[in-house]
Amino acid sequence: MFCSHCGNQVDPSSRFCPACGAPAASIAPPPTGHYPSGAQLTRPRHNRMIAGVCAGFALHYGWDLNLVRVLTALMIVLTGVGAIAYIAAWVIIPEAPYALPAKST
Numbered sequence: 005m006f007c008s009h010c011g012n013q014v015d016p017s018s019r020f021c022p023a024c025g026a027p028a029a030s031i032a033p034p035p036t037g038h039y040p041s042g043a044q045l046t047r048p049r050h051n052r053m054i055a056g057v058c059a060g061f062a063l064h065y066g067w068d069l070n071l072v073r074v075l076t077a078l079m080i081v082l083t084g085v086g087a088i089a090y091i092a093a094w095v096i097i098p099e100a101p102y103a104l105p106a107k108s109t
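Residue numbers are given in our numbering: position 71 of the sequence shown equals residue 75, and the series is strictly consecutive.
Simulated from the structure, these hints should not be mistaken for lab results. A few of these clues could be false.
[Stated by the list, open to error] Each computed SDA-like pair below joins lysine to any residue, with the alpha-carbon atoms no more than 25 Å apart: (1) Lys-107 / Cys-10; (2) Lys-107 / Asn-51; (3) Lys-107 / Phe-6; (4) Lys-107 / Ser-18; (5) Lys-107 / Asp-15.
[To be verified] With beta-carbon atoms standing in for the labels, derived distance ranges: (6) Gln-13 / His-50: 21 to 29 Å; (7) Thr-83 / Ala-103: 33 to 41 Å; (8) Leu-78 / Lys-107: 39 to 47 Å; (9) Gly-25 / Val-85: 49 to 57 Å; (10) Pro-98 / Ala-23: 38 to 46 Å; (11) Ala-92 / Ala-23: 42 to 50 Å; (12) Leu-75 / Pro-105: 29 to 37 Å; (13) Ala-92 / Ala-43: 19 to 27 Å; (14) Pro-27 / Lys-107: 23 to 31 Å; (15) Asn-51 / Cys-10: 29 to 37 Å; (16) Leu-82 / Gly-25: 46 to 54 Å; (17) Asp-15 / Thr-83: 49 to 57 Å.
For glycine and all other residues, C-beta sits at the position ideal for the given N, C-alpha and C.
Construct the entire structure; sequences and hints are all you get.
Right under this line is the structure:
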């Protein structure tokens with residue numbers, strides 16, 4: 005796991021970050037979001053703004069999420085075709101399944 009304050013790696017059993025002293029509640033697990041190759045394109049349930057279409061493309065193809073959002077916004081503003089394509093993708097691309105909580109022992 006990594007500390008959200010300083011970014012240093014922290015032992016999962018720690019209550020505080022040894023580098024900055026942040027409490028364990030603010031220590032986040034390592035970021036996830038890379039689909040295995042050949043996986044189906046889905047709209048994730050996290051890190052989405054409107055419907056998760058941009059986040060889905062960014063995760064599936066390994067692109068930068070902000071770049072995908074900026075390009076989508078430019079296509080919508082400049083051509084108008086981007087809005088139609090976004091709505092079509094919203095309808096066509098399925099949502100990712102809910103993630104099950106980790107099993108605690």
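| field | Satisfaction of the hinted span 33 to 41 Å by the C-beta atoms belonging to Thr-83 and Ala-103 | value | holds (36 Å)
| Within a Cα-Cα threshold of 25 Å, do Lys-107 and Cys-10 meet the stated pairing? | violated (28 Å)
| query | Honestly, do Pro-27 and Lys-107 meet the 23 to 31 Å range at C-beta? | reply | Holds: the Cβ-Cβ distance is about 25 Å, inside 23 to 31 Å.
| query | Is Lys-107 within 25 Å of Phe-6, Cα to Cα? | reply | holds (20 Å)
| query | Cβ-Cβ distance between Ala-92 and Ala-43: within 19 to 27 Å? | reply | holds (21 Å)
| request: Confirm or reject the claim that Asn-51 and Cys-10 have a C-beta distance inside 29 to 37 Å. | output: violated (22 Å)
| said: Holds or violated: Lys-107 and Asp-15, Cα atoms, limit 25 Å. | reply: With a Cα-Cα distance of about 19 Å, the restraint between Lys-107 and Asp-15 holds, given a limit of 25 Å.
| Regarding the pair Lys-107 and Ser-18, is the alpha-carbon distance no greater than 25 Å? | holds (19 Å)
| request: Look at the Cβ atoms of Leu-75 and Pro-105 and judge whether their distance stays inside 29 to 37 Å. | output: For Pro-105 against Leu-75, whose Cβ atoms are near 35 Å apart, the range 29 to 37 Å holds.
| message | 21 to 29 Å was suggested as the range; check whether the CB atoms of Gln-13 and His-50 agree with it. | response | 22 Å Cβ-Cβ, so the 21 to 29 Å window holds.
| request: For the pair supplied as a hint, Lys-107 and Asn-51, confirm whether the alpha-carbon distance does not exceed 25 Å. | output: holds (23 Å)
| said: The hint says 38 to 46 Å between Pro-98 and Ala-23; measuring C-beta to C-beta, is that right? | reply: holds (41 Å)
Comparing the model with each numbered hint stated earlier shows that hints 1, 15 do not hold.
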